[in-house]
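Read in full-length UniProt numbering, the sequence shown has 63 at position 63, and its numbers run on one by one without any break.
No lab work stands behind these hints: they were computed from the structure.
Check before you lean on any hint, since a few could be wrong.
As the list claims (entries may be wrong) - Each computed EDC-like pair below joins lysine to aspartate or glutamate, with the alpha-carbon atoms no more than 20 Å apart:
(1) K79 / D59
(2) K74 / D59
(3) K80 / E102
(4) K56 / D67
(5) K80 / E111
(6) K98 / E51
(7) K105 / D67
(8) K34 / D68
(9) K79 / D68
(10) K110 / E84
(11) K112 / E128
(12) K98 / E111
(13) K80 / D68
(14) K89 / D59
(15) K112 / E102
(16) K34 / E102
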Amino acid sequence: MDRIMQEERLLIRTRYRKLETLDYEIYIITNNIKHRCILGLLYASGLRRSELLNLKLSDIDSKSVLDDLRVYYKAYLPKKYLFEGPSGKRYNPSSVLKIVCEAGKRAGIKEKVSPHMLRHSFATHLLENGTNLRIIGT
1 MDRIMQEERL LIRTRYRKLE TLDYEIYIIT NNIKHRCILG LLYASGLRRS
51 ELLNLKLSDI DSKSVLDDLR VYYKAYLPKK YLFEGPSGKR YNPSSVLKIV
101 CEAGKRAGIK EKVSPHMLRH SFATHLLENG TNLRIIGT
């Protein structure tokens with residue numbers, strides 16, 4: 001591996017190591033099932049906030065859906081988008097930011113946490129498990 005890639009790996013590991021031990025706490029500390037699903041999908045999939053909010057029900061394979069998503073679906077019965085606001089329209093991006101920030105505070109993280117940081121945590125875990133950095137960056 002060339003020196004630049006090694007330095008990039010080190011930078012990613014160092015910058016997001018703080019979140020690694022708190023990722024699970026951010027997830028479990030959230031009681032609202034919709035919020036828990038949003039956090040879980042952001043972290044477990046590495047989706048961007050806009051990608052998460054544009055998920056449609058047809059994008060979800062019901063055979064591989066997380067248990068929380070099943071509970072969420074039964075509780076909220078979304079019509080078009082997986083995450084809809086009270087009016088049935090796509091959930092607001094600023095609401096997702098607020099959910100993530102609040103979960104970070106409750107988990108005891110001093111720095112401001114954003115959906116993009118969860119994406120980076122996902123990438124860090126891929127990197128630590130041996131995924132090529134060039135694949136992660138695409």
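Results for each hint:
Proximity of K79 to D59 is assessed by CA-CA distance (about 13 Å); at most 20 Å being required, the pair is judged to hold. A distance of roughly 17 Å separates the Cα atoms of K74 and D59; the hinted pair therefore holds under the 20 Å criterion. With a CA separation close to 27 Å, the supplied pair K80 and E102 exceeds the 20 Å bound. Of the supplied pair hints, the one linking K56 and D67 holds, its CA atoms being roughly 18 Å apart against a limit of 20 Å.
Of the pairs offered as hints, the one joining K80 and E111 is violated, with about 35 Å between alpha carbons and a cut-off of 20 Å exceeded. As the CA atoms of K98 and E51 are separated by approximately 17 Å, the hinted pair is consistent with the 20 Å bound. Distance hint between K105 and D67 is unfulfilled; the C-alpha atoms sit about 25 Å from each other, more than 20 Å. Between the alpha carbons of K34 and D68 the distance comes to roughly 9 Å, so the proposed pair stays at or under 20 Å and holds.
Taken as a hint, the K79 and D68 pair is honoured in the structure, with Cα atoms around 18 Å apart against an allowance of 20 Å. A threshold of 20 Å between alpha carbons decides the hint, and for K110 with E84 the separation of about 30 Å lies outside it, so the pair is violated. In summary, the hint linking K112 to E128 is not supported, as the alpha carbons are separated by about 24 Å, beyond the 20 Å threshold. Restraint check: the Cα-Cα separation between K98 and E111 comes to about 14 Å, which is no more than 20 Å; the hinted pair holds.
Annotation: proposed proximity of K80 to D68 holds, straight-line Cα distance about 18 Å (limit 20 Å). The hinted pair formed by K89 and D59 meets the criterion: a straight-line CA distance of about 17 Å does not exceed 20 Å. This hinted pair checks out: K112 and E102 have alpha carbons roughly 9 Å apart, not beyond 20 Å. The suggested pairing of K34 with E102 holds, with an alpha-carbon distance near 14 Å, which does not exceed 20 Å.
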